[in-house]
Structure formats: C-alpha cells, structure tokens
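> Produce the entire structure from the sequences given, and follow the hints as far as they go.
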Amino acid sequence: MSYSFRSGIVDAWICCLRTSGHDSEARSVLTFLITNIFHSFAGLVWIHGLKRVLKPFSPALDSFTLELVLLLPPVIALIRAFGVPALPEHFSLIRIADWTGALNDAGPLAIGFVIAFLSGTFLIFIVQEFFPVWTLLTERADFVSKPNPDLESSFEQIKGAFIRAGMHRRIAHPVKVLCPAVKYPFAALHGLLDPVLLLSEGLVRKLDRDELTSVLAHELAHLHYGANLRMLFTWALRALQSYNPVSLIAFRALSEAREASCDDLAVLLTKNPRALRSALLKLSEPQRDAHPADANSVSLQEAYDELLHRAEFQSTHRRLEALAPDKQNIGIGPVSGPMKAALTMMMGGLMWTIA
Amino acid sequence: MRNIGLALLWTAALGAVLLLVDRALFGPSAPSGWVETERLEDVPRRAGALVTPAYLPNSLRWPPAKVFYRIHPDPGLWVGVVNKFDEVPLWIGTGTTPLPPALQPFKGCFEPNKEPCPASWYVSSVHLKSQAERGAVTYLLSRISRRQTARIAVGLELPE
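Heads up: the sequence lines are chains F and S, in that order. Quick note on our numbering: the first sequence kicks off at 1 and runs consecutively. Quick note on our numbering: the second sequence kicks off at 356 and runs consecutively.
Hints should not be assumed to be uniformly reliable.
Said to hold, decoys possible - Restraint ranges, calculated between C-beta atoms of paired labels, are given here:
1) F/341 x S/459: 47 to 57 Å
2) F/105 x S/428: 15 to 25 Å
3) S/382 x F/128: 33 to 43 Å
4) F/249 x S/375: 21 to 31 Å
5) S/382 x F/193: 23 to 33 Å
6) F/102 x S/420: 29 to 39 Å
7) S/439 x F/115: 49 to 59 Å
8) F/127 x S/459: 51 to 61 Å
9) F/124 x S/399: 47 to 57 Å
10) S/417 x F/107: 51 to 61 Å
11) S/394 x F/338: 51 to 61 Å
12) F/115 x S/375: 26 to 36 Å
FYI, nobody ran anything at the bench for these hints, they're computed from the structure. Everything numeric in this text was worked out from a predicted model, so none of it was measured. For each residue, glycine too, the CB sits at the ideal point set by N, CA and C.
And the structure:
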C-alpha cells in the first residue's frame, strides 16, 4: 500500500479526486466498445423492422440504411470526442455503465468470452476483408485489351439511357470500357478515382447483346452509386469497427444490397430483367476450362474455384430470385434526398438516445 | 408522409423496447447527486468500492452513522464516523466535487485558496494499492490526532 499524509492542502483536488473504477482506461475502452456494439445492433434491428413496416423496401434504400449502420456509430463517437455530451445516463435508453458493470461482475470467464468473441470478429475481418481488399488495391491490372465493336455500341446505348434518366453525375465524364483478352468470364469496375469498366472477352463471347447490355447497366449502376471509392469508404468504416460483430453482419449485408440495388437500377433502365437473370446464370456457371493444364495446379485451382463458387451461390441465388418475373416492379430505384435525411435523423436520434 | 410516420412509430417502438429491457435488467435509474442512507449495506456497488478501516481508535464507532453515496454524475461515497458524543470527528470518502451537503462546511479543506478549513480540521489522502490501478484516492477529513488518522489510513483496506 502506498501512503501519503498531507495536512491541510490537497493541491489537485478536482483532477485527482476520482473514485473507484469508472474512470479507468480499461473501463473507458470497454464502455466505448459496448456503446459502439449497441449502436450498430440497434441500427441493424431498426432496419429489419423498417423493412417490415415500409414494404416494399427497395435495395437502394437497404444499402443506404446499411451504410448508416456503419457510418453513424463512429460519427457519434467522434462528435462526443469533440466534447458534445451524451444524454444524462438516467435519460439514456441503455445505461452502458450498468452493462459494463454487469460484465465486470460476471467474472473473468465472461470477460474472456467477450474478448475472444471480439478478437474472433477482428480475425475474420483480417482474413476475409482486409487481405482481399489489400490485394485488390496493390495488384496491377496488366492485360491486353482488344477493341470490341459490339461491346462499345452496347455501352454507348446504356450510357445514353443513364444520362437520359438524369443519372449523369458520375456517368457523364468519359468512362472507358475495356475488353481484356481473358477466357474467364468476368465484369468489374477497376480503379478508384478514374474507374474503368472491364468485361472479359470470355464474358462478351458468352452473352448475347441484351445480356451484355444488362451487365453493362449493372456495372454503370455501380458507378452511379459511387463505385469503388464509396466501397473503400465503407470498408474503412468497417475497418474502424473490425472488432464489432454487428458491423460484420451489416457490411456483408451491404455488399449484397449494393449488388441488388445495381440489379434494380439496371432493370429499371433496360426494362429487361430476363436478360440480367440469364446473364447472372451464365456467370454463375463453374469455369473448368479456364486454367492451366498442370495437374496439381488444376486440382488446387479447381478446389479454390469450387469454394468461391459455393460462397457466391447463395448471393447469386438471392439476386436471381429478386429478378424473377413475379418479384418485379417492387424496386423504387434511387432514394430521394429528403428520405435519406429523414432516415439519417431517425437512426442517428435512436443511437444518440441509446447511450 | 405515411412512410415517414410509420418509420417514426417503429423507431419509437424500438426505443421503448430497449428502454424496457434495460430497466427490467438493472432496475430504475439511480438518482443524480448525493443520497443519504442509514446503513452501509444500502450503498449500491455502482457507487464505488467501500473502504473499510482495519483500525479505529476506541473513541470512534463502526459502522458509520452518516453515509452518503452518489452514482451520477460520478460515483462517490463518504462515511462519517461518530464518537461517543454522536459527533463526527472523521469522514472517510471518495468522489469528485461537489461534496455531500453535510461536508459543505469543509470545502475549504480541499480548496484552501478559496476559503479556510474549519479550525482543527485537516485532510489527508491515501492511495490504496488495490485502488491505484483504477486511479482512486481515498480522503480522510479529520479532527482527531494526526497520528491516529495516519494509523487509520494505513489500516484502510478494501473488503475481500
């Protein structure tokens, strides 16, 4: 026990007179983590309820609200870090101090379990989200592109449709479409500030003109919704909350919702869901002939492809279901500004009153 | 407008459910500011760890006759130990300003630049090892002999 005896004067009364536990750094970190998880959790539950209340809920609205789940918790933490106080604890919907206290009282086993859970979520982020994005950001796209008149005319046609629909903010500046001489069928937006549309020769050969137009419309829809730069921004928000299991769920759901909203917009402009559906089916076929002939590498590559294929199957299946003839005309397309503002205020208000 | 109304209703409903779950699990909110209670057993854990003196001179009685605790805005606990004349010559406690009402006359003991400490009173502080990592300081506001106060401070221990 350290002991000090000072008669009369206690110099740093205000700054030093802190009581047990609650002001410690460990408690502050725990409070921050639990508050962040509660904010994300409430946001996700709010969206799921909203989907039932506001039927039909367009994929664009879904992606916007999921982005809010990733964005608002760090924003609220930042606002509070700048000194804006939270509600007094007895007015808060959730009294975080009580929850951290209960966790503390539950003993080392419970705390160990929570730490293991959060560390596991962080590891998932590193393995499944950090490394793939890091590889994408650092790899160079070296390929030979061949001129393809069919592709270029389809591209001009759908680009015109976007511009006529008033969605020219990101589409109007010169967007290049390239056709890499690759057998493997793929379509992607490459690059951050000056994205390029890539449609492989294998894909162009596989699709008819309508399907090609639908795929181009889908990729241009990605461009309309912010493309890779926006994806990188939401990924950074996810990275900030990499320990948070709810943000993991929200991020995965957001990736799917983005694809669905691009499908939705593509269908809105092409008026041909059947073509996009058929293109998706062709894209989801396993590619067995696109790899080198070496026996070992083929088996490894095939196993890897099979894994990827299985992982993508569920997502593609949901997209195909959404494009089924009986599910059409439920999409609303892009979300209006006032709607976005109202939803942001509602979700932000809910999170602010939680803690 | 209908959609916004429905969304607002759902937001309020979710907020109400969260509030109910929290209050059902942890009871009603504790009052803000200092609360006086009769017994040490009535002090909630959220007010902070209770410091129990291992040693008290024969002239003082334990348990303390005056107990003040606070949960909001910052946890705190002050106990007043009485002598055989039912006077309080020793206060032991933690907690940021403002002090409990009964300790208001002793404000000067903590802020000597603003007003004087009452005659014969002085304050001492102890930083217990078990509290040190949590940044807590326990104060002894006393008018008994400095030697006795020092001995009480040395004997302060957190309960097991």
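> Checked against the structure, which of the hints given earlier come out wrong?
5, 9, 10
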